[in-house]
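All chains, full assembly: derive it from the sequences and hints.
Each residue of the sequence shown is one higher than the one before, starting from 4 at the first, in this note's numbering.
Quick caveat, the hints were computed from the structure, so don't treat them as lab data.
Treat the hints with care, as some may be off.
[To be verified] Just the calculated beta-carbon pair ranges, DEER-fashion: (1) N281 <-> Y99: 21 to 27 Å; (2) P252 <-> G150: 36 to 42 Å; (3) C134 <-> S374: 34 to 40 Å; (4) M237 <-> Y188: 25 to 31 Å.
[To be verified] Distance condition first, Cα-Cα at most 30 Å in a straight line; then the derived BS3-like pairs of lysine-lysine: (5) K245 <-> K268; (6) K32 <-> K268; (7) K245 <-> K321; (8) K351 <-> K265; (9) K249 <-> K32; (10) K36 <-> K245; (11) K321 <-> K268; (12) K249 <-> K321; (13) K351 <-> K36.
Yeah, the Cβ is synthetic: ideal placement off N, Cα and C, and Gly gets one too.
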Amino acid sequence: MEEHQNQQNDSMDADLKLKLLIEDHHDQKGGMKTMPFIIVNEGFEKIASYGLQYNMIFYLMEVYHMEAVPASTVIYIWSALSTGLSVFGAILSDSYLGRFRVIAFGSLSSFLGVTLLWLTSMVPQLAPSSCHEPETNCSPPTPTQLGYLFSCLGLISIGEGCMRPCAIAFGADQFQHHNNQRLIYGFFNWYYASASISTLIGSTVLVYIQGQFGWQVGFAVPAMFMFCSALMFMLGSSLYVKVEVKESPYSGFFQVLILAFKNRKIRLLPNDRYNHSNEGDRVELTDNLRFLNKACVIRDTNNDYSGVPTVEKVESLKSLIRIIPVWSSGILVFVNVVQNFPTIQAAKMNRNITSWLEIPAASFNMFALLSLTIFIALYDPVNDRLEEAVESRSSAQYVVLISCGGAVVAPLSFAIIR
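This is how it looks when you write it as structure tokens:
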């Protein structure tokens, strides 16, 4: 009997040691040592993608003999596809594959797309013949050449759609076992700083290289950056905290909507009980969008809560719904911002700063980036001063007022340009 008890205790001790060993090994992963890999991956991707996007309108017009309107349409569709695929990339990472696999796939897809696009400037058969060479016909691109070009742009869009919605969340995953909030804030600061610097480099240095050394060198540099981006991310693979996908958050949103509609006729009472999750901190139910609260109310006396959404899922859906008006308010502004016609107009201007320095037309986008950077730096101090001066208004009200002011100023600026 004692021997059996000793064996059982030894078995429990072995299991406990194994669990502690696994947890200790897991705690050694993540943290600040993973940040260079993640930030370099995202930063180099932005340099490559923005370095291509800003000057692509001239490449289509010069090499593929497109008019301004069809070329701009191609750029619009390419930009819209990259942005739209971000939604599918987020769903794919949160529900099925996890963030590491999606970012890795996106890095390889972008590298392949940029490399194949570089070949259009190297291989004569992949692009129409030049109109400036003697004894050549200035013919439009063939369907095969256009199909190859669109395939390259599609691969780049898939890569951007996989990387951009997951990069910052994947970086935050590295600190889930580190209870130091300053480290997380530090990562966010470095991430946004590197994103701004990368965009600035892509819109100035790469655009300048393309204008001075031609498309062959100008497309080789983004391909090199994308190779380094994918390589750096893979080199840090053994250091990452890779959160496994347990449950799709989006299926919970649909469950909340279906049950809220199903329970639409019931009346909520002050003494009602609600289904709270046992994982993480307790979230209290709010009165905003109160009709959704009917989805998580417990009226079953059998204590079977398996089909009842948790309060946490209801509040998450409420947060998503609150974002929609803010998100939609910028649609029309961004429709104007992404236009390529100002870039074509800039090409007609006298852009010489000195006798030896000329600003590339595609680099005029950097002025919007610089304005945004300056505004962000001044926003918090000005907002704090206004809040102190007028105590009756909250900071959220000032955010709304500033957003409304921007919505008024933006169309006026475009009217002046026109």
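- Query: Which numbered conditions among the earlier hints are violated in the structure presented, ordered from lowest to highest?
  - Reply: Of the numbered hints given earlier, those the structure breaks are 5, 6, 8 and 13, listed in rising order.
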